[in-house]
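Residue numbers (our numbering), protein chains in the order written: chain Y, 1 to 427; chain C, 1 to 427.
Simulated from the structure, these hints should not be mistaken for laboratory data. Accuracy of the hints is not assured; some may be wrong.
Repeated chains share a single entry, so a pair holds when one copy, or any two copies, can fit it.
Computed list of lysine-lysine pairs in DSSO-like fashion (alpha-carbon distance at most 30 Å, straight line) [stated by the list, open to error]: (1) 159 to 353; (2) 267 to 414; (3) 201 to 170; (4) 159 to 22; (5) 80 to 190; (6) 146 to 110; (7) 201 to 420; (8) 385 to 267; (9) 170 to 353; (10) 334 to 395; (11) 140 to 95; (12) 328 to 263; (13) 20 to 419; (14) 37 to 170; (15) 159 to 210; (16) 347 to 420.
Note that the structure is predicted; figures quoted are calculated from it, not measured.
The primary structure of each chain is shown beneath.
Protein chains: 2
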Amino acid sequence: MNYLENKLQEQTPTLQEQEKLKNIVSAIASDINAICKTEGIDATPLEVGSVSKGTNLKSSDIDLFITFSRSYPVEYIEKKGLEIGHAVLENAIEKYAEHPYVSGSVSGIKIDIVPAFRINEGERIVSSVDRTPLHTIYVKSRTDSKMVHDIRLLKVFLKEINVYGSEVAKSGFSGYICEIAIIAFGTFEKFIQYMANLKGKLIVPENCDKEFNEPVIIIDPVDPTRNAGAAVSVENLSKLKLAAKLYVTRREDILFNPEPVIKYDRKTIMKAFVLKKPDIIDDIIYPQAVRLKNRIWDIFQKSGFMPFSSELYMGENIEILIEYMRNKLPDAQKHMGPPAESNESIKFIDAWKGNSRLMRGPYIMGDRIYVDTKPRYTELEEIIKIELEKSDIGKNLNQYKGEIKVVSGKDVNKLNVAKKFYSKSLF
Amino acid sequence: MNYLENKLQEQTPTLQEQEKLKNIVSAIASDINAICKTEGIDATPLEVGSVSKGTNLKSSDIDLFITFSRSYPVEYIEKKGLEIGHAVLENAIEKYAEHPYVSGSVSGIKIDIVPAFRINEGERIVSSVDRTPLHTIYVKSRTDSKMVHDIRLLKVFLKEINVYGSEVAKSGFSGYICEIAIIAFGTFEKFIQYMANLKGKLIVPENCDKEFNEPVIIIDPVDPTRNAGAAVSVENLSKLKLAAKLYVTRREDILFNPEPVIKYDRKTIMKAFVLKKPDIIDDIIYPQAVRLKNRIWDIFQKSGFMPFSSELYMGENIEILIEYMRNKLPDAQKHMGPPAESNESIKFIDAWKGNSRLMRGPYIMGDRIYVDTKPRYTELEEIIKIELEKSDIGKNLNQYKGEIKVVSGKDVNKLNVAKKFYSKSLF
């Protein structure tokens, strides 16, 4: 398949580029070594990540670990890690994953310098970053140049179909999954052939008897209790299955030319809800944005506004789009009460007696009592406001509930979320 | 409970009225006897039904059977039955149940004269009317005057809550069920007490091990293979349960004063579908009318017009009312395709390629492929017409499909079905 090989060539670093990365790593590593020697710290620099494994695509970051002896307390390595990081990397900023670490760049190449404990295979890890060096050792010891090529090819393929990346907002396949898959299946072709025919969950190794609930189960070879595929969504698994089918049946016309159909004249009703994204990393904000979207959908649904599509976009702002059926509620809604035979039935009748919102009934349908009632509120924006006020939409978003801007009519089409909505295609 | 005893008194025939019925029956019976004697026919008149059992309410009909020897062929008793009927009843007309029979009136009292075979308990019946005399014998032999009183009381109670009557359109409790219930439970109070606490199906006798699917299972004492409660709907069973609860808790305020809430200003959309009722008995037409109503509801539902209430009225016309959300469809509908992993997925994509109705996609959501499409038709009346054309709505209604009148807007409120709709109350 020429298209894919072309893409791979475009994205494989040149020898010069690899050389440049190697030189940057050596220079920083020797700086770290020097500091450790001078200060008498039992720690060594260790290059990890795709660059170290040779499976990197163009413009990959460098991940450089400082692996400390396990005799140090966590607080020490966190403090020393930052100190050394700043010493070897000018203008670096501090970031926070499980430990704090420094992040900066040299000659345009992004570098993270991360402290971790030095762990041998089988030893207990302290935090999940301690596992990373083991991944590097595992992959390097089991791949030859053909497999490295196929790992890159798989990454390019997954990027093309938009399911590559382990960020929460992407919920895709990580680089490490690509490495495990090629090691497990031998070649790109064999893995894709397998995916084209797979029904249900993706489980690697196939004979694994571990119980995980996720749709993708990739047992981490260096830690069999961990599912390296836990973050992959069922949607992205489905995309890979379909893409694999298209690949093996040589349907490049669909696979690499999704050309989305865009028709703006849907004559539907749309509203968008926009709020500024707080200055917190996406992996934390994204699940809260999804929750907000689901909450707004539920309010539309329960109140009778009949939502039928939604979209979420996260850039500078969080933008949520809902496409729906009704702008205003009717003056009567069917309200289901208890079964006629239950002891609640008379209470229900008494509760509605004389209520000015009662439009019809109580009446019995099937085995239950119903009333038709005038809803308390009938205006959409009013209902959304009242309901969101009562809702927990996540630690970091709750405080911005009052600042959600409602966008209606043609203005919706100007938003990024509308572009994403209209251009929705297979991959 | 005075209210109910008052109602009972109002509806219990006076001694004179009972005397009058008795005299009419005697006169006709002796006429029948005379004919049979003259012509040498082995047949005898037999009074059946509530009048014969003394459980009748005011303005009950008289049911007079002519029971023929089983040695006659069916054709003979049908022919002779009509002949004798016409001979003893002036200006009678012929009707048709399982056998043809004659129906007329004397001094304002309606009389049916029905031919049947003379069957003893345990003998096989030829048609279901042959069972009727056995019911009469069973009830008369097991009831005293207190029980007759309580049977009438139960009938009045069921009439009050609008669940009395075995016609298909009513799907209620028959007079025979009332008789069995009082014989089984002893008194009205005990039966109502039982109903007030009943969960699930009504099964009489309680320890019955027969399997019937219906919500009400009343084993016919003269034929244990027959469910005498088969016609009762779950809705009417629910009404009786609730009414019994109200009765035992002395909530006459709800039970006998349903005073329906009527508010015409629902600000919803309604349409009614009206066609002339064919000249066929209600028991046959009613299920077809229900089917038509359900079919229209389904069309609203599937096409996206969002029905949320419906009502059926059957008088001179069949009137079907649908209350719903949308009058016109949006230009985009979500259309679900196959699972991405299935072999149909590529066919689905190919099928929609270049289709002018495609508004968005194909795209993957969860584990399936979807497209947003412009619906083929967007006007409600057009869709109803096209869909009904394709539908089987019953043997006797199919030919009138083209004549269904659609009523919209304020004109709907003038229809009987609208009155029924707005006045829907508990009983």
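For each hint, the structure was consulted:
Taking the closest pair of Cα atoms, residue 159 and residue 353 come within 30 Å of each other only across two copies (24 Å); inside a single copy the shortest separation is 62 Å, beyond that limit. In the homo-oligomer, the alpha carbons of residue 267 and residue 414 lie at most 30 Å apart inside one protomer (16 Å), although the nearest pairing across protomers, at 33 Å, exceeds that limit. Taking the shortest Cα distances, residue 201 and residue 170 sit within 30 Å of each other inside one copy (19 Å), while across copies they are farther apart (52 Å). For a Cα distance limit of 30 Å, the shortest separation of residue 159 from residue 22 inside one copy, 25 Å, qualifies, whereas the shortest one across copies, 94 Å, does not.
Taking the shortest Cα distances, residue 80 and residue 190 never come within 30 Å of each other, neither inside one copy (46 Å) nor across copies (85 Å). For the homomeric pair residue 146 and residue 110, the shortest alpha-carbon distance inside one copy (27 Å) is at most 30 Å, but the shortest distance between copies (98 Å) is not. Taking the closest pair of Cα atoms, residue 201 and residue 420 come within 30 Å of each other only inside a single copy of the chain (28 Å); across copies the shortest separation is 54 Å, beyond that limit. Proximity of residue 385 and residue 267 under a CA criterion of 30 Å is satisfied in both settings, with 25 Å inside one chain copy and 24 Å between copies.
Within a single copy, residue 170 and residue 353 get their C-alpha atoms only as close as 52 Å, which misses the 30 Å cut-off; across copies the closest is 27 Å, which meets it. In the homo-oligomer, the alpha carbons of residue 334 and residue 395 never lie at most 30 Å apart, since the shortest distance is 35 Å inside one protomer and 34 Å across protomers. Taking identical chains as interchangeable, the C-alpha atoms of residue 140 and residue 95 lie at most 30 Å apart only when both belong to the same chain, with a minimum of 28 Å there against 93 Å between chains. Proximity of residue 328 and residue 263 under a CA criterion of 30 Å is satisfied in both settings, with 25 Å inside one chain copy and 19 Å between copies.
Taking the closest pair of Cα atoms, residue 20 and residue 419 never come within 30 Å of each other, the shortest separation being 39 Å inside a single copy and 85 Å across copies. For the identical chains of this complex, residue 37 and residue 170 are neighbours neither inside a copy (41 Å) nor across copies (96 Å), given an alpha-carbon limit of 30 Å. Taking the shortest Cα distances, residue 159 and residue 210 sit within 30 Å of each other inside one copy (29 Å), while across copies they are farther apart (64 Å). Taking the closest pair of Cα atoms, residue 347 and residue 420 come within 30 Å of each other only across two copies (25 Å); inside a single copy the shortest separation is 49 Å, beyond that limit.
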